[in-house]
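Per UniProt numbering, the very first residue in the sequence shown carries number 1; after that it's consecutive.
The set of hints was computed from the structure by calculation and includes no laboratory data.
Take the hints with a grain of salt, since some may be wrong.
[Claimed, not checked] Calculated cross-link-like contacts (lysine-lysine; reagent style DSSO-like; alpha-carbon spacing at most 27 Å): (1) LYS490 x LYS331; (2) LYS573 x LYS476; (3) LYS367 x LYS433; (4) LYS345 x LYS200; (5) LYS629 x LYS573; (6) LYS370 x LYS549; (7) LYS278 x LYS200; (8) LYS297 x LYS502; (9) LYS436 x LYS345; (10) LYS297 x LYS345; (11) LYS490 x LYS370; (12) LYS278 x LYS331; (13) LYS490 x LYS508; (14) LYS478 x LYS431; (15) LYS370 x LYS478; (16) LYS454 x LYS515.
[To be verified] Label pairs and their computed distance ranges (CB to CB): (17) THR124 x GLU170: 29 to 39 Å; (18) GLU86 x GLU170: 20 to 30 Å; (19) LEU387 x ALA499: 21 to 31 Å; (20) HIS479 x GLY280: 15 to 25 Å; (21) LYS588 x GLU412: 17 to 27 Å; (22) GLN110 x GLU86: 14 to 24 Å; (23) ASP353 x GLN279: 23 to 33 Å; (24) LYS367 x GLN110: 36 to 46 Å; (25) GLU498 x GLU412: 15 to 25 Å; (26) LYS367 x ARG627: 42 to 52 Å; (27) ASP538 x THR169: 14 to 24 Å; (28) ALA499 x VAL196: 45 to 55 Å; (29) ASP624 x GLY56: 30 to 40 Å; (30) GLN579 x GLY56: 31 to 41 Å.
Remember, predicted model here, so these are calculated numbers, not experimental data.
Ideal Cβ placement from N, Cα and C applies to all residues, glycine included.
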Amino acid sequence: MTPSSLSTRLTLFALLSATTFYFLYKSRRRCLKPLKHLPLNPNPRPGKLFFLTQTGTSKALAQRLLDLLSSKNNIPFDLVDPQTYEPEDLPKESLIIIMASTWEDGNPPQNSKFFVNWLAEISTDFRAGNLLLSDCKFAVFGVGSRLYGDTFNAVARDLGKRLRGLGATEMVPVGEGDVDGGELESVFEGWSEKVVTVLKGGLVMENENGIVYESDVESLESDDDDDGEGGGEDIVDLEDIAGKGPSRKKSVNVAETNGKLDGKREMVTPVIRANLEKQGYKIIGSHSGVKICRWTKSQLRGRGGCYKHSFYGIESHRCMEATPSLACANKCVFCWRHHTNPVGKSWQWKMDDPLEIVNTAIDLHTKMIKQTKGVPGVTQERLMEGLSPRHCALSLVGEPIMYPEINALVDELHRRRISTFLVTNAQFPEKIKMLKPVTQLYVSVDAATKDNLKAIDRPLFGDFWERFIDSLKALKEKHQRTVYRLTLVKGWNTEDVEAYSKLFVLGKPDFVEIKGVTYCGSSATSKLTMENVPWHSDVRAFSEALALKSEGEYEVACEHAHSCCVLLAKTEKFKVNGQWHTWIDYEKFHDLVASGRPFDSEDYMALTPSWAVYGAEEGGFDPDQSRYKKERHHKSKR
Numbered sequence: 001m002t003p004s005s006l007s008t009r010l011t012l013f014a015l016l017s018a019t020t021f022y023f024l025y026k027s028r029r030r031c032l033k034p035l036k037h038l039p040l041n042p043n044p045r046p047g048k049l050f051f052l053t054q055t056g057t058s059k060a061l062a063q064r065l066l067d068l069l070s071s072k073n074n075i076p077f078d079l080v081d082p083q084t085y086e087p088e089d090l091p092k093e094s095l096i097i098i099m100a101s102t103w104e105d106g107n108p109p110q111n112s113k114f115f116v117n118w119l120a121e122i123s124t125d126f127r128a129g130n131l132l133l134s135d136c137k138f139a140v141f142g143v144g145s146r147l148y149g150d151t152f153n154a155v156a157r158d159l160g161k162r163l164r165g166l167g168a169t170e171m172v173p174v175g176e177g178d179v180d181g182g183e184l185e186s187v188f189e190g191w192s193e194k195v196v197t198v199l200k201g202g203l204v205m206e207n208e209n210g211i212v213y214e215s216d217v218e219s220l221e222s223d224d225d226d227d228g229e230g231g232g233e234d235i236v237d238l239e240d241i242a243g244k245g246p247s248r249k250k251s252v253n254v255a256e257t258n259g260k261l262d263g264k265r266e267m268v269t270p271v272i273r274a275n276l277e278k279q280g281y282k283i284i285g286s287h288s289g290v291k292i293c294r295w296t297k298s299q300l301r302g303r304g305g306c307y308k309h310s311f312y313g314i315e316s317h318r319c320m321e322a323t324p325s326l327a328c329a330n331k332c333v334f335c336w337r338h339h340t341n342p343v344g345k346s347w348q349w350k351m352d353d354p355l356e357i358v359n360t361a362i363d364l365h366t367k368m369i370k371q372t373k374g375v376p377g378v379t380q381e382r383l384m385e386g387l388s389p390r391h392c393a394l395s396l397v398g399e400p401i402m403y404p405e406i407n408a409l410v411d412e413l414h415r416r417r418i419s420t421f422l423v424t425n426a427q428f429p430e431k432i433k434m435l436k437p438v439t440q441l442y443v444s445v446d447a448a449t450k451d452n453l454k455a456i457d458r459p460l461f462g463d464f465w466e467r468f469i470d471s472l473k474a475l476k477e478k479h480q481r482t483v484y485r486l487t488l489v490k491g492w493n494t495e496d497v498e499a500y501s502k503l504f505v506l507g508k509p510d511f512v513e514i515k516g517v518t519y520c521g522s523s524a525t526s527k528l529t530m531e532n533v534p535w536h537s538d539v540r541a542f543s544e545a546l547a548l549k550s551e552g553e554y555e556v557a558c559e560h561a562h563s564c565c566v567l568l569a570k571t572e573k574f575k576v577n578g579q580w581h582t583w584i585d586y587e588k589f590h591d592l593v594a595s596g597r598p599f600d601s602e603d604y605m606a607l608t609p610s611w612a613v614y615g616a617e618e619g620g621f622d623p624d625q626s627r628y629k630k631e632r633h634h635k636s637k638r
């Protein structure tokens, strides 16, 4: 054999091998199993669309899917509340779809406990076998929050596992929606489209990674085939096949990532923004907010200030309510915002500059103040005062202390001689330790026992109780004025006087604010009603009992009957010569901050006026203001 003939044979062998490799590569890109149809069951019995819901989200999604199936695609389904359904009828069903929320500790919602428990029991009953639901096709979509870790969509995942174990055919993999990740809508829409595709008899193929749908098949084919215009980059010369195969990787388009190549995203999504703005919030940048308080408008009109005016001497018409973090680590049952704000356990969003936040907050606040011009009772003098805020309540919503630049923001407010009242929800003890002095630091103490705190605050952290205790201990090391803020919810935490009193020794707060919960209307996220709102007499009785338990360390000092709020104060510190000094000398506070020297809460206290003292006939209402009572016209009972 001549060298030239040998070379020719080797070349042909190489080309043949490369060609074989290419076609093997292309076939592997297809399915390991042949295409098949999942046609609609000819049984005229409508499919069942179940919603397992606690707050109404799953029910709303189920209603949307029902409309998509029945109205737009003529696929008959019945919307079913599982608590009205007999689970033993499941073997009769040919099509079921389940929208499943996961509630506390990975448990199913209240309306579905029997349904879910029945499935769990029957799936482990050897008498049922693994063919009980062999004539049934199903799909499950989960609604949960990734912030709860391992329990994320636990109910949906478990339902899928149980149904498969009973022989049912899974039409599409379990969809997993994240209510707190901003991806619920897009995930649900994509999952719904696949469900409709399958139910309409769309082609489906299975491979080693699961199920691939007809639309995906078309996409794969368009990626692989070199049969059209603009496909030049995908054409591979035969001589180069041995060196490379077509790549499935696509180049990253910065526009498609919304500028999030660094992994950061904005805290306030368009949906959250719309919900908060609907409630009157002014959104600052990507994670802050400001809103005018009803008491600010009230004192502008000369109709009285809030409880902080009575307890601490703030001028309510000069108070700006704001937050540098709309996100929170709890989902409290009495949340004023009905959980329309984001949640999180750590700062994972892009961050705005503290100076820009302060400037914008003041600008938006003053614009809202200007809108009260001409309102009956608003004088020019009070309007001008209101345009120059002197106090900032960092308690609007969320967890202000989560903001990484909270100290810089506080410094900027103090530089402008604006006092700071900062509220934290006792889940970030390290942040409390790192916090610079503020005018008054609050810790929310919503319950006195671990079980009650979990039930009321519904925290994201698994070690929420340890964080709570450590936060109280961190408060003890602070030298500025400190406060335990108790929100009383009748039927939830009003019987825990003994347990609350035991928490005093941990944080040694200067004050204890005890306030009745404010009813904010019906909410799918809360079962509270007006029955859970205590009367002022209830709050007084609780406060007196709590003071008695302290054995003289605390006494009842002030009250604001209109807000259903009572203040306990440390007797030794703030009762001087028989007179209470719960008010604040704000100018002295700012001078102390500017001096840079250490100072304590006694250094800027001021005398409490007699009308604000507990038991005064004014009930905490400033006599310099004009009391206004709305006329209520109730329909007479017949």
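| Violations among the numbered hints, reported as their numbers in ascending order | Violated hints: 3, 4, 5, 6, 7, 8, 10, 11, 15, 17, 19, 20, 25, 26, 27, 29, 30; rest satisfied.
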